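Those sequence lines, one after another, are chains X and H. Counting from 1, one number per residue, gives the positions in the first sequence under my numbering. Counting from 1001, one number per residue, gives the positions in the second sequence under my numbering.
Keep in mind the hints are simulated off the structure, nothing from the lab. This structure is a prediction, so every number in the text was calculated from the model and none was measured. Worth double-checking, as some hints may not be accurate.
[Said to hold, decoys possible] Cβ-Cβ distance ranges computed for the label pairs, FRET-style:
1. X/His41 / H/Arg1016: 29 to 35 Å
2. H/Arg1016 / X/Thr13: 41 to 47 Å
3. X/Gly51 / H/Asn1054: 33 to 39 Å
4. H/Ile1063 / X/Pro8: 36 to 42 Å
5. X/Val12 / H/Pro1104: 25 to 31 Å
6. X/Glu14 / H/Glu1066: 52 to 58 Å
7. H/Ser1025 / X/Val12: 40 to 46 Å
8. X/Arg9 / H/Asp1011: 28 to 34 Å
Just so you know, even glycine gets a beta-carbon here, dropped at the ideal spot from N, CA and C.
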Amino acid sequence: DAGITQSPRHKVTETGTPVTLRCHQTENHRYMYWYRQDPGHGLRLIHYSYGVKDTDKGEVSDGYSVSRSKTEDFLLTLESATSSQTSVYFCASREQGRGNQPQHFGDGTRLSIL
Amino acid sequence: DAKTTQPPSMDCAEGRAANLPCNHSTISGNEYVYWYRQIHSQGPQYIIHGLKNNETNEMASLIITEDRKSSTLILPHATLRDTAVYYCIVRPLDNYGQNFVFGPGTRLSVLP
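So that you can see chain X by itself, here it is in the shape it has in the complex:
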């Protein structure tokens, strides 16, 4: 959807290891978002970015950090992964426009922390 690529698509790692997920968009969208999706919780916002080097926390930001050094890339890092961070992670982007533009989502990264 709308030129958003997430990598890796699947990852299995061990508790305590660092993990970085990448989101790449080709639409020159200003805003980018990281969500996690868990059964019974729907989609929850982790962090978002409103421009290069401009980021802010979402509702479930503890244990996660992000970086955005280029418009097209938004990285999500788990500094020391825990089993509670096992989830499906979605990235989204949105153009600036008049403020009513929809978000467009990638196909997700399925992350398992053992």
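Mind docking chain H on chain X? Use the hints.
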């Protein structure tokens, strides 16, 4: 607080129109109605959005009542590939990165 209410599940026969309702009785004047769907194992897919006028695109039509307290997403000729969870989201106009809040949605099953 939930801003929208949707039935948890619906069935539709293949080839028939699927009409998915959404109640948003507390909607404010500057809030838009968005519809997304999520097919199993994929990311949410944007379908359509509107403020107060009915909208149509290649995927669906959005009918918003005159008082804006409810809306209906119409898939005119449902196919098996339309089986998915459909989310109705109400969100205000903004110029910075507010997120979309996804509720539990409606699980639509298109039956052969």
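Results for each hint:
Checked against the hint of 29 to 35 Å, the C-beta distance between X/His41 and H/Arg1016 comes to roughly 33 Å, which is consistent with it. The hinted range of 41 to 47 Å is satisfied by H/Arg1016 and X/Thr13, whose Cβ atoms lie roughly 46 Å apart. X/Gly51 and H/Asn1054 have their C-beta atoms about 35 Å apart, which keeps the hinted 33 to 39 Å range intact. With their beta carbons about 41 Å apart, H/Ile1063 and X/Pro8 fall inside the hinted range of 36 to 42 Å.
The supplied range of 25 to 31 Å is met by X/Val12 and H/Pro1104, whose beta-carbon atoms lie about 28 Å from each other. Our hint of 52 to 58 Å for X/Glu14 and H/Glu1066 holds, since their Cβ atoms are close to 57 Å apart. Our hint of 40 to 46 Å for H/Ser1025 and X/Val12 holds, since their Cβ atoms are close to 45 Å apart. With their beta carbons about 31 Å apart, X/Arg9 and H/Asp1011 fall inside the hinted range of 28 to 34 Å.
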